[in-house]
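There are 2 protein chains.
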Amino acid sequence: MSNDNKKMVKEITSMDADFAQWYTDIVKKADLAAYSNVKGFMIVRPYGYAIWELMQSNIDQMFKALGHENICMPMLIPESLLNKEKEHVEGFAPGVAWVTYGASEKLEERYCIRPTSETLFCDHFKDIVHSWRDLPLLYNQWVSVVRWEKTTRPFLRTREFLWQEGHTLHATQEEAEQETMQMLNVYAEFCKNCLAIPVVQGRKTDKEKFAGAEATYTIEAMMHDGKALQSGTSHYFGDGFSRAFDVTFTDKDNRLAYPHQTSWGSSTRLIGAVIMTHGDDNGLVLPPPVAPIQVMIVPVAQHKPGVLEKAEEVFRTLQSCCRVRMDKSENSPGWKFAEYEMKGVPIRLELGPRDIEKGVCILSRRDTGEKISVELNRLTEAIPALLKEIHENLYRRAKERRDAMTYTARDLNEMKEIAATKPGFIRAMWCGDEACEAQLKEQADVTSRCIPFDDQEQVAETCVCCGKPAKKLVYWGKAY
Amino acid sequence: MSNDNKKMVKEITSMDADFAQWYTDIVKKADLAAYSNVKGFMIVRPYGYAIWELMQSNIDQMFKALGHENICMPMLIPESLLNKEKEHVEGFAPGVAWVTYGASEKLEERYCIRPTSETLFCDHFKDIVHSWRDLPLLYNQWVSVVRWEKTTRPFLRTREFLWQEGHTLHATQEEAEQETMQMLNVYAEFCKNCLAIPVVQGRKTDKEKFAGAEATYTIEAMMHDGKALQSGTSHYFGDGFSRAFDVTFTDKDNRLAYPHQTSWGSSTRLIGAVIMTHGDDNGLVLPPPVAPIQVMIVPVAQHKPGVLEKAEEVFRTLQSCCRVRMDKSENSPGWKFAEYEMKGVPIRLELGPRDIEKGVCILSRRDTGEKISVELNRLTEAIPALLKEIHENLYRRAKERRDAMTYTARDLNEMKEIAATKPGFIRAMWCGDEACEAQLKEQADVTSRCIPFDDQEQVAETCVCCGKPAKKLVYWGKAY
Numbered sequence: 001m002s003n004d005n006k007k008m009v010k011e012i013t014s015m016d017a018d019f020a021q022w023y024t025d026i027v028k029k030a031d032l033a034a035y036s037n038v039k040g041f042m043i044v045r046p047y048g049y050a051i052w053e054l055m056q057s058n059i060d061q062m063f064k065a066l067g068h069e070n071i072c073m074p075m076l077i078p079e080s081l082l083n084k085e086k087e088h089v090e091g092f093a094p095g096v097a098w099v100t101y102g103a104s105e106k107l108e109e110r111y112c113i114r115p116t117s118e119t120l121f122c123d124h125f126k127d128i129v130h131s132w133r134d135l136p137l138l139y140n141q142w143v144s145v146v147r148w149e150k151t152t153r154p155f156l157r158t159r160e161f162l163w164q165e166g167h168t169l170h171a172t173q174e175e176a177e178q179e180t181m182q183m184l185n186v187y188a189e190f191c192k193n194c195l196a197i198p199v200v201q202g203r204k205t206d207k208e209k210f211a212g213a214e215a216t217y218t219i220e221a222m223m224h225d226g227k228a229l230q231s232g233t234s235h236y237f238g239d240g241f242s243r244a245f246d247v248t249f250t251d252k253d254n255r256l257a258y259p260h261q262t263s264w265g266s267s268t269r270l271i272g273a274v275i276m277t278h279g280d281d282n283g284l285v286l287p288p289p290v291a292p293i294q295v296m297i298v299p300v301a302q303h304k305p306g307v308l309e310k311a312e313e314v315f316r317t318l319q320s321c322c323r324v325r326m327d328k329s330e331n332s333p334g335w336k337f338a339e340y341e342m343k344g345v346p347i348r349l350e351l352g353p354r355d356i357e358k359g360v361c362i363l364s365r366r367d368t369g370e371k372i373s374v375e376l377n378r379l380t381e382a383i384p385a386l387l388k389e390i391h392e393n394l395y396r397r398a399k400e401r402r403d404a405m406t407y408t409a410r411d412l413n414e415m416k417e418i419a420a421t422k423p424g425f426i427r428a429m430w431c432g433d434e435a436c437e438a439q440l441k442e443q444a445d446v447t448s449r450c451i452p453f454d455d456q457e458q459v460a461e462t463c464v465c466c467g468k469p470a471k472k473l474v475y476w477g478k479a480y
Numbered sequence: 481m482s483n484d485n486k487k488m489v490k491e492i493t494s495m496d497a498d499f500a501q502w503y504t505d506i507v508k509k510a511d512l513a514a515y516s517n518v519k520g521f522m523i524v525r526p527y528g529y530a531i532w533e534l535m536q537s538n539i540d541q542m543f544k545a546l547g548h549e550n551i552c553m554p555m556l557i558p559e560s561l562l563n564k565e566k567e568h569v570e571g572f573a574p575g576v577a578w579v580t581y582g583a584s585e586k587l588e589e590r591y592c593i594r595p596t597s598e599t600l601f602c603d604h605f606k607d608i609v610h611s612w613r614d615l616p617l618l619y620n621q622w623v624s625v626v627r628w629e630k631t632t633r634p635f636l637r638t639r640e641f642l643w644q645e646g647h648t649l650h651a652t653q654e655e656a657e658q659e660t661m662q663m664l665n666v667y668a669e670f671c672k673n674c675l676a677i678p679v680v681q682g683r684k685t686d687k688e689k690f691a692g693a694e695a696t697y698t699i700e701a702m703m704h705d706g707k708a709l710q711s712g713t714s715h716y717f718g719d720g721f722s723r724a725f726d727v728t729f730t731d732k733d734n735r736l737a738y739p740h741q742t743s744w745g746s747s748t749r750l751i752g753a754v755i756m757t758h759g760d761d762n763g764l765v766l767p768p769p770v771a772p773i774q775v776m777i778v779p780v781a782q783h784k785p786g787v788l789e790k791a792e793e794v795f796r797t798l799q800s801c802c803r804v805r806m807d808k809s810e811n812s813p814g815w816k817f818a819e820y821e822m823k824g825v826p827i828r829l830e831l832g833p834r835d836i837e838k839g840v841c842i843l844s845r846r847d848t849g850e851k852i853s854v855e856l857n858r859l860t861e862a863i864p865a866l867l868k869e870i871h872e873n874l875y876r877r878a879k880e881r882r883d884a885m886t887y888t889a890r891d892l893n894e895m896k897e898i899a900a901t902k903p904g905f906i907r908a909m910w911c912g913d914e915a916c917e918a919q920l921k922e923q924a925d926v927t928s929r930c931i932p933f934d935d936q937e938q939v940a941e942t943c944v945c946c947g948k949p950a951k952k953l954v955y956w957g958k959a960y
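Protein chains in written order, with my numbering: chain U, 1 to 480; chain P, 481 to 960.
Here are some chain U residues the structure puts well away from chain P; computed CB gaps all over 12 Å:
#1 Trp-132
#2 Asn-254
#3 Pro-289
#4 Gly-352
#5 Thr-368
#6 Glu-381
#7 Phe-453
Derived CB-CB ranges, DEER-like:
#8 P:Ala-545 with U:Glu-417: 57 to 63 Å
#9 P:Asp-925 with U:Asp-127: 33 to 39 Å
#10 U:Arg-316 with P:Gln-662: 22 to 28 Å
#11 P:Glu-570 with U:Asn-37: 19 to 25 Å
#12 P:Ala-545 with U:Leu-256: 52 to 58 Å
Please keep in mind that the hints were generated in silico from the structure rather than gathered at the bench.
Ideal Cβ placement from N, Cα and C applies to all residues, glycine included.
So here's chain U without its partners, still in its complex pose (with noise of 0.2 Å):
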């Protein structure tokens, strides 16, 4: 690469001197999102949408194979609907975003801006569900909700944010229950499968979970950095909010009941878990199935004759196997493979006369940097390999990163040293006591993650706080 082209190309902070600036400069230079004019407000820019609208199909046609069906709730909710279940209005009241007038005059009642809508999916079900035939009832929406952050970062944590949330009914409690974990495992399968993201599942603590709920089931990813990223959660809220909105059906046995709930949700936040998980020094590391651009064809020399007829014959001939696009643009073959490994696109096919002669075009792997050479016929069997071989490598090193950076901790000690040291997961029982976990805050800076369900060794056989008998192994990390 030139000097000139060099300078051409879009330069970010390194991941090691700077995570968090690394993070904006990825966010900015690969065009993900802007900051708007509106305080904590962002901008999802053509290239973060694109990746935002292959997540929704994907985890979309998951919940519908499921049975879900899509609906869309007013995006206001009146005062008073919001003050109808007490743990959860104490929750969420305080953050939410107030209109107190329409067409200029004083509203009688205010409304807030769903910052989540239980209460209005409560509302709803209270006025269609009669008896047990009407359940269950599997509902989802994808709109944004508003909660009036103080500290914003895109995809992060924003005052408007992008989400799916499901809202479910059942006549029972195991029913509801089996829901609440069905989703959830539908988020882990979302996150390896289609994000190459390794998560650990788990429930988290009292002190940790969702206003109103029973128990709160999370996904948690790690970063780059080691900090941990909550990447979806799932609800069981029992008969609670069912009694508060007096949601009633009809049992088969006749009987007056109050159905089970729960609730689920993800969000335009996966999009930067995407980014810390996956990206380097050079920019965005984007999983295939969520790539807009999975293969991008930059012609080598395309003023020579028969090179872009033969790369557009094999742009023609990728679109049945791939998203793919060309750049036959002026600029510098430089710029352009700085330009797309910027963006993330998981494979660079270049092509020049010398392998159009040979019959052969290169390959280059964004997540390796590899340049393998492919045989022009076979592209399009290699070339659906190699998305896959791609993929399975980001999970790999995702995981291998994840579990070289999980310690454990068996005293309070070791609980400081590590969570001072070395940035990551820690795992270390707990009493189950509340302030053992604002001790542990205060002393360690971590917060309970969550209870793991596939890791629960004994590790130790006392709190790490307190040093009370303890049973429950968790996951504690600095958190986004």
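Once you've looked at the hints, dock chain P against the given chain U.
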């Protein structure tokens, strides 16, 4: 159908008895939308939302094929931003919802919930447009907007509605004008090919144009009751917004210039258009491209040996060629027939023991009620062909009705007479004076729908209102 069955069947008001009630009945009984307890806001229910998803995916593909990209802007607009373009703020500010508090604190500047997003897009364009190389920008977003309407009706006019809003920026006036017309054509094609709705394309008079636009173009559809429904609009802004928001670019001659802008929108109102264009006294009639269920299989005498097995086999076969469902519930065939007629399913497939013996089934068309016996081994050809035929018939029928309900008035008396007695469009000359539009509203209760492109017959020498010389033919009517 037995009396017992009849009682189970949902009944609706007849169209002739009370058109408004007929509409509301369909909205509720076909499970399209529900009233919420948030005044003026609707809940889009699963069946209605599934129709919307099909509309979205069809038109979104058309947008993308023309190079448009989806993005997502904030839902809130600071008052100072809304105020920047004079005509725009005068048109919209009086009807918005104002957020005045965020997280218990009074905001220094109040925000409105977007009624439309020109101001936000311009504010973003200012940041990202520098050179002619950055143009055109072809953006669209799928969001909901809020306008504080006094009188609301599901899908037709609600305080919040789902829509898409396209916003584009161009180097030249000519290119922006082409885009404006292109997108109007996209709407017209979509209405014809996906909704089977014929529309009149034309230009709005200045009185009826969008606040801040230089020109507004519209597609106007005629509902069953002869009223007009504005079903999509496309606006040419010139460089007015660019000047107001200081959006500039360096053109090819290295001079600073203001780009030219367009916007265009369509909404869930189109669901209302489908209901009122094709519906009948048995309920909704859906055009096949937007029917969530295109074929409903109803097994007859389903307890007889072999019936369900054969129905399942047909069901599996048809999955390759249409959106098919089967109802093998315990409800009577009569109930099922009425239910799927109410829901507008284009084809009902009946299959009973005698049909199976003969190797046939009965296809019942929702649009005509006609029943056809078709050989089972011909279904995968017969059904797509029949869906196409149904679509064409719906379009033809709607167009014939519209043409039959389009009248011509040569003077004010004729106009008043037609407006009072014959629901529909009225073709009449107009001098171009807004005062005449006001007069016609007062005296004949009609508004100008558009100055149509394809019908500029000089039906009289003089303005239908004032008698002065007139060159423009205008379509007038009562509108939703």
